[in-house]
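Enquirer: Line by line, the protein sequences are chains U and F.
Numbering of the first sequence is given in our numbering, commencing with residue 1 and proceeding in unit increments.
Numbering of the second sequence is given in our numbering, commencing with residue 1001 and proceeding in unit increments.
Hints were generated in silico from the structure; no laboratory data involved.
In the DSBU-like style, the derived pairs of lysine-lysine whose C-alpha atoms are separated by at most 30 Å in a straight line are:
(1) F:1104 with F:1029
(2) U:136 with F:1246
(3) U:115 with F:1185
(4) F:1262 with F:1310
(5) U:115 with F:1149
Selected chain F positions facing chain U (Cβ under 7 Å, derived; list incomplete):
(6) 1190
(7) 1200
(8) 1203
(9) 1205
(10) 1207
(11) 1219
(12) 1242
Being a predicted model, the structure only gives us computed values, none of them experimental.
Note that beta-carbon positions come from the ideal geometry of N, C-alpha and C, so glycine has one too.
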Amino acid sequence: MIEAILLTIITAATPLVIAAIGELVTERAGVLNLGVEGMMIMGAVCAFAGSYLTGSPLLGVLCGIMGGALFSLLFGFLTLTLVTNQVATGLALTILGLGLSGQIGESFVGIPGVKLQPIVFPVLSDIPFVGPLLFKQDITFYLSIALIIGVNWFLFKSRTGLKMRAIGDNHGSAHALGINVIRTRYLAVMFGGACAGLAGAQLSLVYTPQWVENMSAGRGWIALALVVFASWRPWRVFAGGYIFGAVGILQLHAQAFGIGVPSQFLSMLPYAVTIVVLIIISHNRRTTLINTPASLGKPFVPDR
Amino acid sequence: MKKLIIALAATAAALGGLSSGAQAQEKTKVCFVYVGTKTDGGWTQAHDIGRQELQKAFADKIETPYLESVPEGPDAERAIERMARSGCAMIFTTSFGFMDATVKVAEKFPKVKFEHATGFKAGPNLATYNSRFYEGRYIQGQIAAKMSKKGVAGYIASFPIPEVVMGINAFELGAKSVNPNFKLKVVWANTWFDPGKEADAAKALIDQGVDILTQHTDTTAPMQVAAERGIMAFGQASDMIAAGPKTQLTAIVDTWGAYYIKRTKALLDGTWKSEQIWDGLKDGILTMAPYTNMPDDVKAMAEETEAKIKSGELHPFTGPINKQDGSPWLKAGEKADDGTLLGMNFYVEGVDDKLPK
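Could you put together the complete structure from these sequences and hints?
Expert: This is how it looks when you write it as structure tokens:
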């Protein structure tokens, strides 16, 4: 029973963690992309289309990643090259993504999808309890863990990561030091797009293997909130994603179990918990400020 | 420059008016306002299939323009008014949340006929229509009680409105007519449409030991989960057999086409009048998807119940029925009146859930 609940929680948390870690990198480079929901849904439709047309869910995952990355390039071009307002462009990207994905996916509605099969580690997967949870998952789960570890290393242990954080904190100084601000930001935006696309692929190939319009149902917005919740730290994104996923699943179990708590209250819980944790984290203003990218959302035009 | 633009706009408007006027003389416009997209796989798709049947039935006499994804609220009023201005003779607004907007626009356009789905406010030029979905739920409950080994079914519900509560009660009553000890676990997803959350709710119910699943939400995600876990399930609004070829027992299928054709014929004949219609299985406004994946005796029972409901011999809400707390509601042989059903805010005995208030 506990194992079954944990498995459901992993499935629910994985897309949140993946999309949030991508957005974390984008924001660490100083770009605020509110289009996560739009990139995620584009990833979902591209992944489903790729999987359906090639017959291989793995290629579908690749299509999802590429779909998300290409779509984010549009955001990059508008905000970085044409220097449009990032907030407005991000919102437009979400609306465009929801509409465009519906158009692309029109012919896929109602077709049962092929589920991405788990990768089974021999021997390890036979360990009771731990085995099925950690060693019998699909590739998106392993990628989510790898992304957390990789991004954490990149941001705080690598030279390029240090440069990227410098851009996010003060793009003027970084530019003066000879770091290519625009190019780095393009890459960061595309990384965010690729992650959102991967999260979308998880939705349409693992979570619920099918395509329906608006199937992301607000998960992109939750991922955005998670980045702030995590105060731009990768492992906190991981923890936040799982707290959010766990509360959401446990409230359903509480209902099925017949605990006499109003379901509206239980549905509200994940959001309420998020707010409480935000308050706890932000009570220390100094540590919050240290982690917040100072140039976040500000336009950058190289002076020469 | 400004004058030029105004002149151009006026010309365009005049041309637009002319062309639509010319069309109106040839073909009557019967318009539709949808809350979702026409390919949502559930509610709106069922309405759009009805629209297509209507268009086919009166191929050269009418056109059937439609607006998709109209949000409920103030925008709905604008959208409906735009339809009314564009020369529609009759407008179907197909969501409960369009009710007040439809009432307002209907008052402004007394010559246009309005038809609002699932609402309860009518007017001289505003009719309402609804479907007795609970008849199908009763049949599902009977099948569930026959097919379930554990005697517990799971119900994924959307919002605690009378329509949904009525469905839960009808399901439980059907099940109890076969197995008096049948239990029903209810999980409120608090959404009509979120595949992920619907799937999570399905998994939670299955993990807690139900072996039959039914849903009052819009996507096929619960059906997929049921198929994966090897239990049986019922479809909702559309035939969901594609999502669970070996899983779906039957589904309640909304078939609005016959109603749309009937009302359009009345409009063209000049015999249309405002009515409050609540049709059921016998009128063909809902149908049961083929009874599949069950033994012949269960199928025979389901077909018999369906026939009895159609003939009027059986009303799912016939006493003796107790409320959840055991207090009596209907005396033996007494039938629930439509008003009570449409405002239903209590469970019947046997539902294992606390109704959200």
